[in-house]
Amino acid sequence: MKHRPPRLAEKILSRLQYDDVWKTTLGDFEEYYSYKAQKDGIPTANRWYWKQVIQYAPSKIIHKLYWSIEMFFNYLKMSLRRLKTNKSYSFINISGLAIGLASFILIGLFVHHELSYDKHFKDSDRIYRIIKQNAQSHQGTNLGAVTPLMLHSALKENFPQFEHTTYVSPFTGLLKLGDNSFFENGLYAGGELFETFSYRWLQGNPATALNDPSSIILTRSLAEKLFGNENPIGKSLDLIPEYETEASIKLITGVIEDLPETSHLHFSYIANEKSSAWHEGNASFWDSNGYFTYAKLTETSELNNELLDKINEFYSSQMLEIAYYKSDPEKLPKLRFQPLTDIHLKSSHINHNVSMVLGNINYVYTLSLIGLIILLIACVNYMNLATARAIVRAKEVGVRKVIGALKSNLIMQFTSEAVLLSLFSITFAVLLVWVCLEPFSNLVNRSIGTEMFRSAGFWLSVLSTSFVVGIIAGSYPAFYMSSLKPSGIFKSHTKGGKGNSFMRNALVTGQFAITTVLIICSIVIFKQLDYIRTTDVGYTRDQILTVNLKDDNFGKYYETVAQNLNANPNILSVSSSSYLPMDIQGSTSGVNWEGREKRVKFYLQNVHYDYLEMMEIELVAGRYFSRDFPTDETNAFILNESAVKGMGYTPEEVLGKKLVMWKREGNVVGVVKDFSFLSFRLEQAAALIGFNRPHDYHYLTIKVRPDNLEETVAFLDDAFDNMYKADLNLGKLFNAFTLLALFIASVGLFGLASFMMEQRAKEIGIRKVLGASLVQILTQVNKDFMKLIALSFVIAIPIGWYAMNIWLGDFAYKIELGPSIFIASVLIAIGVATLTVSYKSVKTALANPVNSLKSE
Amino acid sequence: MKLLTRTEEFILLAVWKLQDEAYSIPIQEKLNEITDKDWSLGGIYMPLERLEKRGYLKSSLSDSTPERGGRHKRIYSLTPSGKEALRYAYEVQQTIWSGVPQLMFGLS
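These protein sequence lines map, in sequence, to chains A and B. So for the first sequence, our numbering puts the first residue at 625; every next one is plus one. So for the second sequence, our numbering puts the first residue at 5; every next one is plus one.
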């Protein structure tokens, strides 16, 4: 009977060395083992076999290590020599990889930042924000982040699955301490805020800090701003919330560490919600939504459909006690749960995310993709140049093989060469990142600081990235070069590696296809954003500046302020409104008129005299609000065309109709043209414009002379740009990265073309001697490249078209994807490619053929 | 000419006697048999290698066999100088023993 030695031991032994002598030795061991097993039994044989392992392994391992280190130094030496001798080749590779890696690192930092929102809270995976799904949509979505005040306590009392619940409401207030006063963002909070969110406490007791209605908790930076180095605990200050006049005295009961930027809520103090003027009115109504509610599940519970159904059942039962829903249960809203860590990136479809800087998961995906693409293009550069230059190195490969290098040794050599180059590039890349970090942070509107340069994780991931990039870039050249046959290499002068030209052509085509797609995308994005900025929105934004008035009582002083302002010769006119024209927030379907056949959803704006004239919103029928009709101030409405159409009238018919909205009523005195007051992503909607009531003076609007403009005032133009800030920044980023990709791809093409020209210098010399003209030579040598570039367009155009159709699909108002965009992209790509390829070929074609032909 | 050590001499003799079957394991067995003690495999690899380096032995790979996990055997054979070395060792032996009274061995 035949016995086999222990598997593991055999494996170890067989890994130690590869040569024939060792193999026969192993054969001996196996035979002897079998013999011993029969004679002395398996345990003894096993012991014997393991003894061999212990006896042989150490010396063999040391031997192996010694030689791999020795060889590694040899590879290193060869690589460094190669970098030194081929300076332009090294420059192309290192600059390409460095730029690619730098882009990748920057994007990686941004993505990491975006994904880390709210993860600093303990148990962040168990915390949810409750959102309300309405039966009707508002501003394009039926989801809203605000919920009733009592929801938090109702959840906690009725559902043991929730460990802690809390509710908050962000607001702005004036903090007064002695003669100093500051406008600061704060948070009204109630419930178990500090049990739900693990803030870092510097002073005070989280269990009791917010118990008293007069208590206030400051963040560290606010405490330092107000009190310097003094201990703020027990001191008091005055708080006047915006739109209120009464100050309330607050007692400081705690100080918490500032929140990191990666928090969706930002505030500098927390006050007890019970002290808010709104508390009484909201505390017991289920249909009064104004609070963010957060709930933390217990460790053992999970948020499944069963629990959700039960919660909604409970919610409906409360809501059905309200007459409005009882008569029309179709209108019942539902509750949904959003994970805390999703709030930052996945809330663009949810209304009322007040005082939050939101991110967008799609931008995160898009940028990640771009980062990968740029890195890939840089890797392809390396692959192309390395395989093209294989002819130069073929002799080295041949000699190494003849001396006895195995294929695996050569693979190792060429891969380590690429890794070395990549490690070289990463140092430049990190420098680039360091330089570009600030402009990049501004562009993405996040503060990504240099503090990550001190974290080990950053360096570890940077190093491993460059390692992986080196291995990827080096893999194809390594396999290609190591499979060259020594007999072929020495026998004849092989031509530039004909065998690998297919692969290289494919890589060049792919590279240019990707670049062209990027060019198409950036042109489309640029044009669409330009369209938004310059298209007629139905009102003017020139020379208009707006002031946000944080006082509900401003109506009292309006006339005085307006008179004073009008006295200034630089001011052309003054008016006021309750919303900015591009961002009208209030809406209602509760407008009644005689002969109403269907409900129409109106967005509500309130304005003062002269407002519509000043904004140049055109009149279609009737008149603007006018001081000649004093009843306008209480009894008049102006509609837009969409509203009139929605109601089913013509502009002339609707004039004089009486509209009733809650307790407000009035006649339609005018109809204006549609102006876009919603995002360009949404269709036009009906607008109802009333006259400012005393508490509607939220924005003061001033038209100034074009000269003498101070830059410190808030222009309507800027506010408009702000709405599309994320898109604008994406556009800028896209342009920047497209340029980089184009640069890297063309540098690679340049390297490839230069090398080909060197190889063909003699051929060109002969052609010239035989009488070929410059043009003929150029067409001859550029033909091959141009074929590849043309093929890349065939691939790129459909992809670009498809991708941009998806992006544009998001906008209600958009540009046409006409052929001009694609023609422009193709021209840019061809232009760049021709320039890079021709530079070297013109030089070669112009050279004196004697020089290339004289030496053999 | 350099004199062979005892082990080397035994190994060369074993290789000679084993002819086509002269690879490590039978050599080891032969040595065990001759000297009546246990030789380790490692203990004969070194002299085998040394002898091959000195040119007394040459080796070739045989076919692989299943009982060896599909691995080859390394079959050794004597080279002319190996034979020469053995012969020399024998002569030295003869010379050095000649004249020693046979009585010492209690043969008579």
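To be clear, the hints were calculated from the coordinates, so they are not data collected in a lab. Treat the hints loosely; a few may be bogus.
[Stated by the list, open to error] Short, incomplete list of chain B residues facing chain A, as computed with Cβ under 10 Å:
1. A18
2. K21
3. E25
4. E53
5. K57
6. R72
7. S81
8. L82
9. Q97
10. W101
[What the hints assert, rightly or not] When the alpha-carbon atoms are kept at most 30 Å apart in a straight line, the in silico DSSO-like pairs for lysine-lysine are as follows:
11. A:K1297 with A:K1478
12. A:K1031 with B:K21
13. B:K87 with A:K684
14. A:K1025 with B:K21
15. B:K21 with A:K647
16. A:K675 with B:K87
17. A:K1025 with A:K746
18. A:K688 with B:K62
19. A:K800 with A:K780
Since the structure is predicted, the reported quantities are computational estimates derived from the model, not experimental observations. Yeah, the Cβ is synthetic: ideal placement off N, Cα and C, and Gly gets one too.
Do the hints match the structure? See the list:
1. A18: This interface hint is violated because 15 Å lies over the 10 Å limit.
2. K21: 19 Å, violated
3. E25: 12 Å, violated
4. E53: Holds - the Cβ of E53 (chain B) comes within 10 Å of chain A, reaching about 8 Å at its closest.
5. K57: 12 Å, violated
6. R72: 4 Å, holds
7. S81: 15 Å, violated
8. L82: Status violated, d = 19 Å.
9. Q97: 30 Å, violated
10. W101: 35 Å, violated
11. A:K1297 with A:K1478: Distance of about 80 Å is beyond 30 Å: violated.
12. A:K1031 with B:K21: 42 Å, violated
13. B:K87 with A:K684: 33 Å, violated
14. A:K1025 with B:K21: Distance of about 40 Å is beyond 30 Å: violated.
15. B:K21 with A:K647: 25 Å, holds
16. A:K675 with B:K87: Violated, at about 35 Å.
17. A:K1025 with A:K746: With a Cα-Cα distance of about 59 Å, the restraint between K1025 (chain A) and K746 (chain A) is violated, given a limit of 30 Å.
18. A:K688 with B:K62: 27 Å, holds
19. A:K800 with A:K780: 36 Å, violated
Checked against the numbered hints above, the structure breaks hints 1, 2, 3, 5, 7, 8, 9, 10, 11, 12, 13, 14, 16, 17, 19 and satisfies the rest.
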